[in-house]
Amino acid sequence: MFRTAIRNLWSSPFGLSHSAPRVALAAVAVATALGFAGGSALAAPVRGGAANIAMIGEPQTLDPMASTADLVGIITQHVYELLYTFDANWNVTPMLAESMPAISKDGLVYTIPLRKGVKFHNGKEMTSDDVVASLKRWQDTAPRGKAVAKEIKSLEAKGPNTIVITLNRPYAPLLAHLALPNGFAAIMAKDSIATPLTQFIGTGPYMFKERKPDQYVQLVRYDGYSARKEPASGYAGKREAWIDELRFIPVPNANTRVEGSLSGQYQFADLLPVESYARLENAPNVKPVLTSPFGFPYLVLNTKQGPLTSVTLRQAVEAALNNADMMGAGFGDPKFYTTEASHYARNTPFYSTAGTENYGKGDAKKAATLVANGKYDGTPIKILTSQQYDFHYRMALVMAENLKAAGFKVDMQVVDWSTLIQRRNDPALWDIYITHSAVLPDPTLTPPQLGDGAPGWWSSPAKEAALSALNAEADPKKRGALWGSVQAVVFTEVPYIRVGYFNSVTARSPKLEGYVAMPWPFFWNTWLDK
Amino acid sequence: MTRYLASRFAGMVIVMLLVATIVFFITRLAPGDPAAVMLGDQATAADIAKLRTSYGLDKPLPLQFGYWLGELVHGNLGQSIFLQRPVTQALLERAEPTFFLTLFSIAIATLIGVPCGIIAAVWRGKTIDQFFSGFAMLGASIPSFWFGLILMQIFAVSLGWFPVAGYGDPGAPLSDRLHHLVLPSIVLGVVNSALILRFTRASMLDVLGDDHIRTARAKGLSEASVILRHALRNALIPVLTVLGLTFALLIGGAIVTETVFGLPGVGNLVVSAVLRRDYPVIQGALLVIAGLYVLINLAIDLLYLVVDPRVKY
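Chain order of the listed sequences is A and B.
Residues in the first sequence are numbered consecutively from 1, following my numbering.
Residues in the second sequence are numbered consecutively from 1, following my numbering.
No wet-lab data here; the hints were simulated from the structure.
Incorrect hints may appear among the rest.
[As the list claims (entries may be wrong)] Straight-line alpha carbon distances no greater than 27 Å define the calculated DSS-like cross-link-like pairs of lysine-lysine that follow:
1. A:K463 x A:K382
2. A:K146 x B:K59
3. A:K150 x B:K50
4. A:K190 x B:K50
5. B:K50 x A:K153
Hey, can you work out the whole structure from these sequences and the hints?
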């Protein structure tokens with residue numbers, strides 16, 4: 001799920017990505033990239049060298065489909081590619097597909113032409129057989145793929161270079177799902193497909209060489225890579241592997257990642273504590289990179305069992321919370337967070353004010369009235385949180401006080417992250433839990449509570465109606481307004497509460513040129529100055 | 001002697017069986033689920049249940065325990081859920097950094113602790129004694145992660161003499177790998193020297209008051225000979241015990257230091273396994289660590305025979 005940043009430990013087992021506020025995010029990413037790489041933008045790319053990239057931990061797996069952990073996606077996106085990807089403005093753009101799909105008038109049939117001459121790392125050319133086999137595996141095994149599979153009626157090859165996807169009903173987020181590099185629909189060589197994967201054979205600019213757990217995952221340049229011709233933009237366009245070798249090194253201790261960046265041992269360090277920003281900014285041999293916004297913390301409310309099955313009491317929780325205080329407790333300096341009621345940032349297609357009057361401002365009086373109206377029986381509200389992410393815990397402390405002020409009794413349960421993600425599957429064990437997500441380009445991609453069956457178990461006719469309308473609409477302009485309806489339902493039924501946005505801090509060596517700040521860092525098109 | 005060894009080994013088997021049982025059930029009864037950690041945040045309960053089934057985690061605990069014990073008898077510690085390799089292999093891969101780190105740390109701790117302990121005992125109550133006692137207090141109180149970060153900032157970041165973390169690039173020669181162990185060894189060496197210093201001092205003070213030391217001095221032996229040949233040898237048994245225990249603890253993984261310095265050692269493996277709930281790795285690693293602990297204790301007991309001929313088994 002997410003790569004959050006901010007706390008000290010960063011050993012996240014999730015994986016999301018972020019990309020929501022397309023324009024805003026893109027603007028920040030570009031500004032950041034220019035700001036930090038500007039001086040060297042004119043330098044000619046140089047081939048060679050090896051880059052040490054400090055990551056927050058050991059990847060759970062190297063199977064890009066099996067986990068939505070960011071770590072897994074960040075590493076494997078260099079080895080595997082998707083049919084589509086996102087450009088710098090978060091538009092879906094072809095990658096292994098030759099072009100955008102031909103979509104039937106009823107929105108049910110997607111005909112996707114494939115690029116010719118694309119070679120896998122085993123030297124074989126990619127055909128529609130590989131693509132169909134890969135997408136079937138994604139539907140069968142990947143958490144995201146399984147969700148999409150419900151919408152797919154058939155998937156078949158039409159000749160060696162075309163595939164056809166037929167849907168049960170119009171489902172506009174399909175392409176965003178096919179482009180998302182997280183728990184992703186990676187295209188694999190058909191003869192390497194197995195579960196678990198033992199060979200990692202994709203079409204990416206880097207190929208897998210060696211994994212030594214807790215030491216490194218080593219990728220080397222694939223000289224037979226077939227690049228696109230379009231100029232690079234975000235994840236899209238021409239990819240070139242200038243650096244010979246990428247070493248993704250697990251460094252779970254955030255302070256060690258900071259020190260390693262300052263000493264020059266790491267050419268890139270992911271997700272650093274915000275407290276280190278000033279130090280990094282003043283150091284001559286390292287450049288901090290601020291990605292803003294990066295993610296959002298959110299609270300999931302249990303709609304299946306316990307006191308919060310009452311919509312009125314969930315609204316009381318919403319009214320009681322002071323989101324600004326919670327963000328301040330979680331992230332400290334406002335440089336690293338923003339409080340925004342809309343679930344998507346301004347200047348993005350999904351920005352909406354629908355329902356935002358309910359965004360929590362710590363109105364204890366209103367909350368107390370709702371508590372009384374909801375006939376709260378005094379059962380303690382079980383808050384499930386973890387100290388593995390500092391900001392979760394700090395926000396939980398503020399939340400507990402807000403709830404007490406509104407008349408709730410609170411039972412704080414602080415557990416480790418592994419325990420939390422197990423317990424949240426049992427509706428008897430919690431009423432609210434805290435988690436976070438990266439901001440994603442399409443609202444249907446996160447949080448999982450917008451789908452079916454995720455902890456919280458939110459299900460209602462209003463949700464179904466609003467989401468069905470959104471999913472059926474392919475026109476991006478109309479989708480914005482339709483998302484507003486979904487957002488309004490979320491603010492009214494309160495299945496989850498988005499608290500605000502937070503930014504991430506990473507660091508790169510000034511010698512690492514060509515780096516473009518994106519939520520899931522990538523290292524094709526980057527090079528090391530001699 | 002043979003009888004003694006036989007009884008020790010028999011005891012060892014019982015201890016290992018107890019450890020295996022306790023470790024298995026404590027690990028399994030702790031909350032958390034490897035399948036949920038592995039699949040990530042988007043996984044549904046059905047996905048998690050399916051993965052649990054594929055690893056046999058849905059079977060009743062006694063059945064899982066019986067299966068694990070059966071495999072243990074055949075020398076198989078199981079298969080890591082996350083690393084997709086046998087636990088034995090994972091442990092062997094981690095053995096080198098932990099072994100060398102332990103060796104260097106013990107060497108540093110001994111080189112600091114024993115001479116300083118002797119000096120403090122010989123000059124008991126003097127300034128030098130107070131200085132070393134203060135050092136011991138400081139060494140015992142310093143959190144190793146803090147000390148590690150300080151050394152890292154000075155010697156790795158500012159001076160650039162040592163790498164900050166890790167265990168060398170892919171294919172790095174042994175000399176380069178050992179270079180990565182210098183700072184963590186100093187951290188552990190200094191922290192552990194405090195205990196050795198205290199024990200050496202106390203033990204030397206005991207022995208220096210003995211009759212045979214007075215006799216040795218009366219015979220006109222030099223002070224150096226009295227201290228190093230007659231006193232130190234007799235004072236060594238408790239020091240050896242502490243050294244052995246420290247060695248055994250470190251070989252089980254210096255968890256904090258390995259984590260701060262990003263060393264891929266046994267301690268790091270255990271911590272990662274606990275966070276991921278990689279049951280086979282937790283169980284296998286703890287069992288091996290317990291076994292080593294018992295063996296090292298046995299080795300120390302046997303070493304007493306060499307140091308002190310009066311000891312008989």
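Violated hints, by number in ascending order, as checked against the structure: none
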